[in-house]
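Student: In order, the protein sequence lines correspond to chains S and H. Counting in this note's numbering, the first sequence runs from 1 upward without gaps. Counting in this note's numbering, the second sequence runs from 1001 upward without gaps.
To be clear, the hints were calculated from the coordinates, so they are not data collected in a lab. Bear in mind the structure is a predicted one, so any value in this text is a computation, not a measurement. Fair warning: there could be bad hints in the mix.
As the list claims (entries may be wrong) - Below, in silico cross-link-like pairs of lysine to any residue (SDA-like), each with a Cα-Cα straight-line distance of 20 Å or less:
1. H:Lys1003 <-> S:Arg96
2. H:Lys1042 <-> S:Phe118
3. H:Lys1003 <-> S:Asn9
4. H:Lys1003 <-> S:Lys233
5. H:Lys1040 <-> S:Phe118
6. H:Lys1003 <-> S:Gly95
7. H:Lys1003 <-> S:Asp174
8. H:Lys1003 <-> S:Gly391
9. S:Lys153 <-> H:Lys1003
10. S:Lys229 <-> S:Gly95
11. S:Lys233 <-> S:Arg96
12. S:Lys223 <-> S:Thr127
Said to hold, decoys possible - Per label pair, the in silico range of CB-to-CB distance:
13. H:Trp1244 <-> S:Glu46: 34 to 42 Å
14. H:Phe1188 <-> S:Phe47: 48 to 56 Å
15. H:Arg1269 <-> S:Glu52: 17 to 25 Å
16. H:Pro1159 <-> S:Glu46: 30 to 38 Å
17. S:Gly203 <-> H:Val1105: 51 to 59 Å
To be verified - To spell it out: a stretch of chain S is covered by chain H in this simulated footprint if at least three of its residues, at any positions, have a beta carbon under 8 Å from a beta carbon of chain H; those stretches are:
18. 91–102
19. 124–136
20. 266–275
From the three backbone atoms N, C-alpha and C, an ideal C-beta is built for every residue, glycine too.
Listed here are the chains, written in short residue letters.
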Amino acid sequence: MTYAIQVDNLGKRYMIKGGHKRRPDTLRDEIMGLFKKKGPKETAREFWALRELGFEIAEGDKVGIIGKNGAGKSTLLKLLSRVSEPTTGQIRVRGRVSSLLEVGTGFHPELSGRENIFLNGVVLGMTRTEVRRKFDEIVEFAGVADFLDTQVKHYSSGMYMRLAFSVAAHLDPDILIVDEVLAVGDAEFQKKCLGKMQEIGSGGRTVLFVSHSMQSVTSLCNKCILLEKGRVKRQGSPSEVVLEYFGGGHSAGRVDFGSHGRHIGDAGVELMYGEVLDHEHHPAVEIDIRKAVQIRMGFRIKTRSTKQYVPNFHFTLPGGTYAFVSSPQTVGALPPGDYEACCMVPGDLLNEGTYSVGLAISSFGSASEVHFFEQGALSFNVRDSMDDSVGRSHGYGNIMPGAVRPLLPWTVTEARS
Amino acid sequence: MSKQETVLSARSRRGLAYWQELATARELLFFLALRDILVKYKQAALGLAWAVLRPVLTTVVFTLVFGKIAGLSSGEIPYSLLVFSGMVPWLYFAGTVTECGNSLVTNSALITKVYFPRLVIPMSGVLANLVDLTITSLLLCALLFWFGTGLGWHIVLAPVVFAVLIMLTVGLGLLLAALNAKYRDVSFILPFLMTMGVYLSPIGFSSAVVPEKWRTLFGLNPIVGIIDGFRYSLFGDKYPFQPWTLGFSFAVAVVLIAIGVSYFRSAEREIVDIL
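Go ahead and model the full structure; you've got the sequences and the hints to work with.
Tutor: Quick look at the structure:
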């Protein structure tokens, strides 16, 4: 395997003093400092934005970098794109790197669209000849052909963004580093951006993509790195890492509860295990949006009882919002023993994104009783491959809102007057 | 196709690689200079007229104040011509040094978002202002023939003077650019220094009016050698020129470039984290 980026023991330190920078900010302070008596120096606090970071990215990998605010994502991008220098360690990079830390870097509002294309292209690392060769393509992609000689300060913000992204998208680097730029622009343009990034990725180029949109990461990337407090917390397949990010962490697709020495349940019934299975009945964390997913729960009935134990599964979204709750229509009173409840969620029902499943058993006799409810016991990620899934056949590429995205029967017919 | 391998660490970008990288940034330098020029002439309502009006109006005022009111002597040279010939190198120097000094701060949006050799930023200002210098020089030529002074063989010295002028500007500009990025009060000191410079340099007057015992001290201002040298190249022996002052300006320029470049290089490593 040839590497594209190799990061070794990388660290970046900033000095902070009570919220201010350690060094004197003004020449006056610096000069006055020379005459001051050497008292006990104010202690500067070190802040390591990144520490002992190490990973390797293979050529052609599409890597998503995720993490909470302050995890070090932006610092890492700054180091990778050479804007800032590392304090410790090193980065080895093979090939030409283009970084897109912001849309429209180097754009000048007073200049025309044409002038800005050249300026921006050269700032981002193209040669003048390259810009000239791709000029028509850039203009067409941005859709600003009629406004080429208008100053960009008269552009609408959408046009501005389109033009800026268009220049960047035609960079043709070996390694492309992108920061959240997809958060801008209208839906139609976002789709174009995603498409363009996929195109760049499929050309064997390496893409590094920092995003808060987990859906985009799982759609675009084949590898994912989760940063936490300046270190790599986890790296691996996007779905696994995204689940870890949401605090699931049960990446195997199966959780055994009895083995933790912690018993979940009451005197009558106990939770044994939970499983997420893909359409081929393998434990999985990543489910194709078009395929069915099975949720299984193993439980043990410990005493003979007349209670009707009703298994119920609570499907929630990352924010804790309920998507839906499901339970079998009929259950009888069961004798003691081990049981498995299985719920099949058909394909083309869930939306893309992460779901957590709470496992519960209740009974509704003379009194309603919850025997156990393990919230968020399982989680899995629904991946939209953007390939003929629900709602995509017309070409819509943006994130679709909603807890579910069901395939429903539709007809459109001529109205009879 | 083998791809170039780059190693980024706390110790990269030293030595030869630094200058090789700078050489590859020629086009960027050109486009940033072009941007500065386009923006300058587009933004000002008067456009190109401003580049002409500024030196002309200043010359009128200086001629009135120094020539008429103070009654200083300009020898055989028409007073307004004397002033304008001082204005040509001075306006380039003052304008460019101020622009360079602020360049890293004004372009911080660019610097913190994309990597390129940072020297390109102040250098683009040095390059862009050459357009102004050309305009004022052409105006000066027109004035020379208007007054019937013409040009002699001494004009061959002019390219040398301009070379020293640009070197001095680069040296001081780089130093101030890096200083200003680290210490923000430099941007307050800078206009003050430039105002002082107008009176401590022979712009509104001839060096001949400076008393003999102060001439040496006066000549320690590196601008003196440049302005006097330039006037000598235009007016020949009609203007009193002490050749050592131009030599001194050259020496100062070389030292400033050495200090400016090395300080800029040491500062550019941390500038991004400060801006």
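Student: All hints, please: hold or fail.
Tutor: Hint-by-hint comparison with the structure:
{"no.": "1", "hint": "H:Lys1003 <-> S:Arg96", "result": "holds (8 Å)"}
{"no.": "2", "hint": "H:Lys1042 <-> S:Phe118", "result": "holds (17 Å)"}
{"no.": "3", "hint": "H:Lys1003 <-> S:Asn9", "result": "violated (24 Å)"}
{"no.": "4", "hint": "H:Lys1003 <-> S:Lys233", "result": "violated (31 Å)"}
{"no.": "5", "hint": "H:Lys1040 <-> S:Phe118", "result": "holds (18 Å)"}
{"no.": "6", "hint": "H:Lys1003 <-> S:Gly95", "result": "holds (5 Å)"}
{"no.": "7", "hint": "H:Lys1003 <-> S:Asp174", "result": "holds (9 Å)"}
{"no.": "8", "hint": "H:Lys1003 <-> S:Gly391", "result": "violated (41 Å)"}
{"no.": "9", "hint": "S:Lys153 <-> H:Lys1003", "result": "violated (39 Å)"}
{"no.": "10", "hint": "S:Lys229 <-> S:Gly95", "result": "violated (29 Å)"}
{"no.": "11", "hint": "S:Lys233 <-> S:Arg96", "result": "violated (28 Å)"}
{"no.": "12", "hint": "S:Lys223 <-> S:Thr127", "result": "violated (32 Å)"}
{"no.": "13", "hint": "H:Trp1244 <-> S:Glu46: 34 to 42 Å", "result": "violated (53 Å)"}
{"no.": "14", "hint": "H:Phe1188 <-> S:Phe47: 48 to 56 Å", "result": "violated (30 Å)"}
{"no.": "15", "hint": "H:Arg1269 <-> S:Glu52: 17 to 25 Å", "result": "holds (22 Å)"}
{"no.": "16", "hint": "H:Pro1159 <-> S:Glu46: 30 to 38 Å", "result": "violated (53 Å)"}
{"no.": "17", "hint": "S:Gly203 <-> H:Val1105: 51 to 59 Å", "result": "violated (39 Å)"}
{"no.": "18", "hint": "91–102", "result": "holds (count 10)"}
{"no.": "19", "hint": "124–136", "result": "holds (count 4)"}
{"no.": "20", "hint": "266–275", "result": "violated (count 0)"}
In summary, the structure is inconsistent with hints 3, 4, 8, 9, 10, 11, 12, 13, 14, 16, 17 and 20 from the numbered list given earlier, while agreeing with the others.
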